[in-house]
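Novice: For reference, the chains in residue letters:
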Amino acid sequence: MNSNNLNQIWNIDPAHSRIQFSVRHMVISEVIGNFKVFDLKMKSSEEDFSESEIEFNIDVNSIDTGIPDRDAHLKSDDFFGTDKYETISFKSSSLKKLNDEQYKLIGNLTIRNITRPIELDVELGGIITDPWGNERAGFSIRGTISRFDYDLKWNSLIETGGAVVSKNVKIICDVEVIKQK
Amino acid sequence: MKNIIFALIILVTSSLFAQNTSWTIDNAHSKVEFSVTHLVISEVTGNFKKFDGTITSNGNDFTKGNIEFSIDVNSINTENEQRDNHLKSDDFFNAAKFPKITFKGTSLYKVNGNKYKLKGNFTMRDVTKPIVLDVVYGGTVKDPWGNERVGFKIMGKVNRFDYGLKWNNLVEAGGAVVGKEVTMNCNIELIKKK
Numbered sequence: 608m609n610s611n612n613l614n615q616i617w618n619i620d621p622a623h624s625r626i627q628f629s630v631r632h633m634v635i636s637e638v639i640g641n642f643k644v645f646d647l648k649m650k651s652s653e654e655d656f657s658e659s660e661i662e663f664n665i666d667v668n669s670i671d672t673g674i675p676d677r678d679a680h681l682k683s684d685d686f687f688g689t690d691k692y693e694t695i696s697f698k699s700s701s702l703k704k705l706n707d708e709q710y711k712l713i714g715n716l717t718i719r720n721i722t723r724p725i726e727l728d729v730e731l732g733g734i735i736t737d738p739w740g741n742e743r744a745g746f747s748i749r750g751t752i753s754r755f756d757y758d759l760k761w762n763s764l765i766e767t768g769g770a771v772v773s774k775n776v777k778i779i780c781d782v783e784v785i786k787q788k
Numbered sequence: 073m074k075n076i077i078f079a080l081i082i083l084v085t086s087s088l089f090a091q092n093t094s095w096t097i098d099n100a101h102s103k104v105e106f107s108v109t110h111l112v113i114s115e116v117t118g119n120f121k122k123f124d125g126t127i128t129s130n131g132n133d134f135t136k137g138n139i140e141f142s143i144d145v146n147s148i149n150t151e152n153e154q155r156d157n158h159l160k161s162d163d164f165f166n167a168a169k170f171p172k173i174t175f176k177g178t179s180l181y182k183v184n185g186n187k188y189k190l191k192g193n194f195t196m197r198d199v200t201k202p203i204v205l206d207v208v209y210g211g212t213v214k215d216p217w218g219n220e221r222v223g224f225k226i227m228g229k230v231n232r233f234d235y236g237l238k239w240n241n242l243v244e245a246g247g248a249v250v251g252k253e254v255t256m257n258c259n260i261e262l263i264k265k266k
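For the protein sequence lines, the chains are A and B, in the order given. Sequential numbering of the first sequence, starting at 608, is according to the working numbering. Sequential numbering of the second sequence, starting at 73, is according to the working numbering.
These are calculated hints, taken from the structure and not from any lab test. Be aware that a few hints might be false.
[What the hints assert, rightly or not] Derived contacts from chain B toward chain A, CB cut-off under 7 Å, selection only:
id	residue
1	Leu111
2	Val112
3	Ile113
4	Ser114
5	Thr117
6	Gly210
7	Gly211
8	Lys214
9	Thr255
10	Asn257
11	Glu261
[To be verified] Here are some chain A residues pointing at chain B (derived, C-beta under 8 Å):
id	residue
12	His623
13	Arg625
14	Val630
15	His632
16	Met633
17	Ser636
18	Val638
19	Ile639
20	Ile674
21	Gly733
22	Thr767
23	Glu783
Keep in mind the model is a prediction, meaning the values are calculated, not measured. By construction, the Cβ of each residue, glycine as well, lies at the ideal position given by its N, Cα and C atoms.
Turn these sequences into a full structure, and let the hints guide you.
Specialist: This is the structure in structure tokens:
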């Protein structure tokens with residue numbers, strides 16, 4: 608892949624993007640949270656998005672699950688340890704087009720300074736010119752990680768042995784990017 | 073003989089008590105979310121932070137109970153104050169005049185496995201229409217404090233134009249800035265009242 612072809616930069620529009628995650632609570636339900644502060648940059652070729660490079664950074668202190676006590680617990684060393692590890696980051700190594708809309712995104716995810724390769728499913732929603740003349744593209748990004756792989760180790764169990772908080776975490780991102788002029 | 077009669081009385085009494093079991097929503101482990109298409113190309117999601125419900129069942133059988141939800145429109149949150157204020161205006165919800173979104177269930181029936189259909193009347197602004205929601209039953213557990221908990225996922229779609237949420241700017245190519253179809257996605261955890 609020739610990086611020199613990736614001349615087009617796209618910047619995230621945070622007002623129309625979300626970085627969410629969900630876990631199973633006590634086996635029976637899904638609890639959802641999100642990160643309010645994040646940045647994402649994409650470099651693509653002039654023609655299309657295949658072989659693009661994507662980088663995003665998330666401010667872990669911006670975590671929001673709607674309950675301050677829970678957010679504080681998540682920031683503690685039981686989970687993210689934000690005293691020491693303030694950023695979650697992702698750097699792509701490849702974005703492969705599977706068909707008109709679907710892509711496979713492979714890259715390295717770093718949480719608590721632990722870096723591991725992950726695969727994410729990406730769907731292109733389309734490209735459009737907005738009422739202000741900017742070109743925008745929309746993507747959904749989905750994947751699952753095991754938080755134990757990144758040392759988010761807290762693991763209380765209920766009577767029957769199920770986890771209070773599941774080890775698997777679903778990544779749910781919908782992003783809108785604006786083409787840099 | 074006395075023991076048998078005693079046992080029968082207990083059995084009959086406990087089955088009577090099993091009817092109309094009440095449940096409260098654990099807001100800390102529940103979320104009422106919605107999403108719409110933005111500029112045709114992406115999905116924008118928001119939620120309502122304040123909601124409540126009266127849910128009853130016959131023991132753990134929710135198909136023989138009652139489900140009613142109420143959502144506080146002023147608690148809408150799309151992580152953007154300007155947008156939230158626009159949504160509360162008459163262009164969309166008119167939260168000042170119509171502060172609640174409500175759902176009154178009329179029937180819940182099993183489709184297969186853990187999938188159900190929930191029928192009821194859905195009210196936004198001053199319009200009430202029948203809708204059918206998809207429900208997935210997540211299971212029942214006893215939590216570390218001895219409470220019985222049940223989890224559900226409730227999903228559905230509505231056309232906001234049907235309810236008077238009429239704002240509809242278009243882009244040059246004709247597509248809507250904000251889609252008319254709204255997808256609702258709720259994760260609800262209930263605690264059995266003792």
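Novice: Each of the hints needs a verdict: does it hold here or not?
Specialist: Each hint, compared with the structure:
no.: 1; hint: Leu111; verdict: holds (5 Å)
no.: 2; hint: Val112; verdict: holds (6 Å)
no.: 3; hint: Ile113; verdict: holds (3 Å)
no.: 4; hint: Ser114; verdict: holds (3 Å)
no.: 5; hint: Thr117; verdict: holds (6 Å)
no.: 6; hint: Gly210; verdict: holds (4 Å)
no.: 7; hint: Gly211; verdict: holds (4 Å)
no.: 8; hint: Lys214; verdict: holds (6 Å)
no.: 9; hint: Thr255; verdict: violated (12 Å)
no.: 10; hint: Asn257; verdict: violated (9 Å)
no.: 11; hint: Glu261; verdict: holds (4 Å)
no.: 12; hint: His623; verdict: holds (5 Å)
no.: 13; hint: Arg625; verdict: holds (6 Å)
no.: 14; hint: Val630; verdict: violated (11 Å)
no.: 15; hint: His632; verdict: holds (5 Å)
no.: 16; hint: Met633; verdict: holds (5 Å)
no.: 17; hint: Ser636; verdict: holds (3 Å)
no.: 18; hint: Val638; verdict: holds (5 Å)
no.: 19; hint: Ile639; verdict: holds (5 Å)
no.: 20; hint: Ile674; verdict: holds (5 Å)
no.: 21; hint: Gly733; verdict: holds (4 Å)
no.: 22; hint: Thr767; verdict: holds (7 Å)
no.: 23; hint: Glu783; verdict: holds (4 Å)
Checked against the numbered hints above, the structure violates hints 9, 10, 14; every other hint is satisfied.
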